[in-house]
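Place chain X on chain L using the hints.
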Amino acid sequence: MEPGSAKRRKIGHSRGGESAVGNIDAAASSGLSRGRAFILEAEELVDEVKLDYATALEGVDSLLHKIKGSIEAIEAHDALQIAEAATKLEKKHKIPIPFPEPRPSDKSNYKVAFAKPSQFNVVGSYVSKTMIKAQKSHAVDMVVVIPGETLQEKDYLDLRYFYKRAYFLGVVAAALQKDLADDGELSYEYLNGNTLSPILSLKPKVEGEKKEGQLDYRVRIIPCAPDNFFPKSKLHLGATLVRKAGGDESKAATKPTPFYNSTIVSESCFFPYLKLLRQTEKKCAAFKKACILGRVWLQQRGLGSDMADGGFGHFEWAVLLALLLQSGDSTKGHAPLSTSLSATQLFKAMVQFLSVTNLSEKPCVLGTATVESETTGPVLFDAVRGLNVAFKMSNWSAAKLHQHAKWTRSLLNDSTADQFTPTFILKADLPWQNYDLIAHLNYDGKQDKTEPIDCRGRLWEYSDKVHRVLKRALQDEELGERARSIHIQLPKSSSWDLTKKPSTKQNHTIEIGVLFNAANMTRSVDRGPAAGPSNEEKEECAKFQRFWGEKSELRRFEGDSIRETLIWSSTSPFDLCEEIMRYILKLHLRVGYLEDELTFHGDGFTELIPIKPTDTSVFNAARKAFSSFEKDIRDLDDMPLHVRQIAPICPELRHASVKVPFSTVNKSGPRPLECVISFEASGKWPESIVAIQRTKIAFLRMIGDLLERSKPGEVRSYVGLESSTTTNTELENLAYLDIVYESGPAFRLRIHSDLEEALLTRQSHDKTIDQHHRHQASVLLSNFRRLYYHLPLHTQSINTFATRFPAFSPTVRLLKHWFSSHKLASHFTPDFIELVALQTFLSPYPWDAPSSPSVGLLRALLFVSRWDWRSEPLIVDTNSDMPSSERSAIATRLEAWRKIDPLMNHTVLFVATAQESSGVAYTTVNGIAQPSKVVAARMTALAKTACHVIREEGVELDARRLFVPSTKEYDVLLHLSPKAIKAVSKVYPSEELTSITAAKSSSGSKYKNLSATAGEDPLPLPSAPVDTFFERLEQVYGSGSSAPLVFFRGREEEKVVGAIWNPSLGRRGLKVNLGTSYKPVKAAGKRKLGGDEKDGEEKEEKEEEQLVEVNREAILSEIARIGGELVERIEVQRE
Amino acid sequence: MAPSPQTIGEFSVLPISIPPVPSFPRNVVHYLYVRRNAPKIPTANDSRSLFLANVPVDSTELHLRALFASLVGAGRFESASFEDERKEAEAIAAALDAAPAQAVRLLAAHGKKRKREDQEAAERAEEEAAARLPSTWTRPLRKSGSTAVVLLADEKSVHQVLKAIAKVHKSKKYPTWGGEGNVVAERVPQLGSIWLKAHNQLSYPDRDQLQAAVDAFSTMFARREREAAEIAKRLRNEPDEDGFVTVTRGGRSAPATRNEAEEAKKKMIEKAEKKKQEMTDFYRFQMRERKKAEQEELVKRFEEDRQKLDAMRQKRGKFVPEA
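Sequences listed follow chains L and X, in order. Each residue of the first sequence is one higher than the one before, counting from 1 in my numbering. Each residue of the second sequence is one higher than the one before, counting from 1136 in my numbering.
Among the clues, some could well be false.
Pairs of lysine to aspartate or glutamate residues, derived as EDC-like cross-links and limited to a Cα-Cα distance of at most 16 Å, are as follows [as the list claims (entries may be wrong)]:
#, chain 1, residue 1, chain 2, residue 2
1, L, LYS427, X, GLU1395
2, X, LYS1278, L, GLU1031
3, L, LYS684, X, GLU1395
4, L, LYS133, X, GLU1457
5, X, LYS1443, L, GLU872
Facing chain X, according to a computed beta carbon distance under 10 Å, are these residues of chain L, among others [claimed, not checked]:
#, residue
6, ASP47
7, GLN81
8, ALA691
9, ILE697
10, SER1023
11, VAL1072
12, PRO1080
13, GLU1128
In silico contact screen, one side only, chain X against chain L (beta carbon under 10 Å); selected entries [said to hold, decoys possible]:
#, residue
14, SER1279
15, TRP1330
16, ARG1441
I should point out that these hints are in silico values taken from the structure, not numbers from a laboratory. Keep in mind that this is a model prediction, so the values were computed, not measured. Quick reminder that beta carbons are idealized off the backbone N, C-alpha and C, glycines included.
Chain L on its own, in the form it takes in the complex (with noise of 0.2 Å):
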């Protein structure tokens, strides 16, 4: 480092970044034994989507001599004025010239002359065959010299050389039209997007039908300037070379134009640069594939070449690479990076070495030379060529490439996720998957009286400044920082017709993406500077409101200390989002005015439920109510049993329900919150399940009794007896507790015992019993399991990741909301969802955990919709140190349970977490599948049209599309009446049975009951009568794939319940016990036997002709019977 120059900086040549070359052997090393099974697919990779070039470009070399030809044939002509050859040009083939902006006036003297070109070369991609199928647009890029005798050394000052240089292409262009008007499109556009530098593009024609594999490409004919034509020394960043920009020359002048001298220097820079990429793909093996990599990771997150996909692509890859594996001619003679290393491993590296290197920061430099450290915006110099190899980059764009590689970083570091499918397959820049809020910025450039420095236009200057702004703003340190990045997306520039002007188009839509820091988003008072009396401090005070101005005010906290303030009024996460921005660009961009002038997408997904930033208080405060519940029940004196543990198993008391507790809308009775008690391990319970069962009641009515008792007029308790879900029904458990308390919690209890465990473990693996009773006990076993282990370990860590994950507990909800909208809710259990949404929190590859939950909904649908459950497990780890060696058992044991069981009728989705390893538990209910093959189907498929809409949408996304259900799949809808659901969801204690159940006077009664009940609070709810209505429907025509008819609903306030007749229900021959309701059908074969002639002939033929199938009215029937009132319509949609 040079003494005393604290601008100046000079970085050693291995020092570029030296904590990344220091881990890079590390990563590279470490990739032959970790990632096999990365590096394979990597492979694979690579040679799907190599393209096979004869067929792909086919023709393109005899076109590209043709070009060669024609631009060779072109007459030379001698200096003539700028003006005058434009016009003369113009007038000749109607073709305008390409002139920058500003473009050069009419007075000016500057001289153009054109002259047969020095030198045609083909660069890119197509020479390196690095091109892959899946690219946006493939190019193949031809450069023209222009040759020097036409240029002057001076011409790099204000824009000379370019105003030559678009004659130059205004003369091709003229005469490639007239030469080659019949082998392709010709059309002007920009050289990845940057406006100085224009180029021609012909796409050629296609003839006759396209050859498979055949690809539309196009040939861009780039010129450029002769290698070290203008002095390098008179074109470092800090140089100001456009001096007379829009005329005003004292003003101008003394800024830098670092992108300008930029621009100019990688004009002259193509031929070195090709020989650079030459000679190491020839020293480096690997190096071509590690590009390949390198294209399909930076295309997959929306980054490219030109400006406005970040400035940062595959040449800027490949560029980088080669710089690292080059040794260094200066340095002590070791490359940073090994050419002997394999494409994975480089690219490893890469992902490292752009995850430790923030270039917006910190300006990179390889190779030996200084930087003006002042200049704004991503450096990453390459010492030898000279040129700021970013220089097409943003300071967003940097901070997004940075991010991604420290996301990919974050994964390729993970042993046990899938490393390939998140960082090559996936596309990771879907706006909603990756940003929390989208604003969209109008800029119109008529308004901007600015004037731009560099020639990078208003727009992008306009955009800078915003980006700065809310930088500051949002991402204040000091402050602490509100969001994780802020991107901002400009539009793209596109290709323009021959005979017309580059457009001039004023008004542009900025989109800006906002991700939020989950937990600094949510406050509402930002507690800036202290105001002391130093100096220093009121300098700190006078910055602070320069910049936020008149909402900075002072504030005494506690502890004394004065500071600077800023209080906002919204509370959500979104809306405090919003509100600064709109304040602070309102402040310093004078933007947001007009309504429409900023707008705001992102918070169409909280309305939905909608979800409150209150929620979380209520949920806590229900939380609280158990706590004090527990306390109750821990203080009782005459307990017979020392009381273990009371856990909560319900999803209202783990954040995860969709409404928050205690909401009760309807006026029906408390909805309790479920809890399972245990007690100290005691020889006092009876050795037969029988008996422990009964013994349960009394155990529960005593702590009733006892809490009636200790809290006297302040808890009311009920013994309510289970309905039935399996056949035997003195096996399981019979009763559970209700406790009602006056200030609004109610809470249900089930007692565990674990004598009841070891009595069904003992049943369950007894091989004197048969084997249907063995069945019987292993499935209330698991059960049991379910109710008492895995649900209060589930609540317990569910729970935890709600505090961990400020935006997990809104993600559940809406999730669960988007399951029972498409009427699937009933299918799943609600631990298996929030285990989902929990994945995309603790697996969040390729993106970091989500920080909103409308970003958590569409990445956890995302999830859904490519799980491959038919043979991918679902393994969530919740504690985070799984060893790999659990989780291929855990896939070996789904492997098996496949094996056993191909068709899917016991196991369909198979998911296992550290507390549960089984794989079932959280899809299995009373021994059946939760949810059956179809319905798993069915969610895939949704959660696949739901992606589709969101990839199709893009910003403008509607959130209520994705929650639209879909009738038109269902067989029969069936209708509930809303006023029926209501009327059952109010019982009363002291309602005299007999008054309901006599079936006359029910008109009578419903008045009786009101005098009877004035006062009295009405009775808790076994189950919503909806549930109940259905649980029972499933018990008479039983469940999974033996039920004739599968419903399908959502919320219990939801109208309209779906179902499908069973497929698989086919005509069969008749016995006892078909399960379900059959009517007689005539065999097929038998139609031409007469109906009269059938008592004699059929006898013979009878025993396997005559088949019954489902009787499907009958069954309809006896549902509209045993509904009543609560169905109102039964529809039949399909016969």
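Just chain X now, with coordinates in the frame of chain L:
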């Protein structure tokens, strides 16, 4: 609708017309399959009972009574027993019986029957009924497609019913479910919302009633346990016909509970495991072998990965970056 066959196998097909319901206003035909009752274990009443398959889910005895009255006139129908009711009763009895399971098994093993079985049966049934928990439903539902056995007045009625069924096919006048004008509906508890509402209430039975059931159960359970213990004790001392004495649990020392036995077993396994662990890597050859095995494992895993990849290649698509 095509004319339905009169019989399928040994079943006579009895079509029943079901009146339309407001929410599903269609005339529906339900098919009941009827044959003479011939259970595997014959009983005295078999000759005058009929076996019905595929009874409607909302069947009650009154429904069947009305149905048979419309076929052969009133007075022939005696009673009906439904499959699930029968099963439930059996299951409960079995569960209660299995309570002191040990004793029952001992008895079975010993080939002895309990004395005074028949006398006790009635007494036991009464006991069990008292111990039963109150039902939470005002009216039970039958499982779809389940069966029932109908007891008629005499053998002649059975014959008449079957004949009447044959006639129904000829006349095409199907009997109506719930009797003409659905008279039965007035006399049985209503389904629908009232039924659900009643369930909500019945789920919270009267405390004393509940306590009584539990108490009745515990007395019964305690007595049977005692009986079982006695039997066990007796068996301990009594040689069977062949002169063998059954070895039973609970000798002179206090009987070990099964839990303790299981725990002891667990401990033993743990101990063995610990010992095994101490002995690994003790000799050099053990280490060498282990390393060799690890290497083999690595190679195997590599091969597995290859295979997996091949499988994925089969599927295609996996390696194409999403557009």
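Which numbered hints are broken by the structure, listed smallest first? Violated: hints 1, 7.
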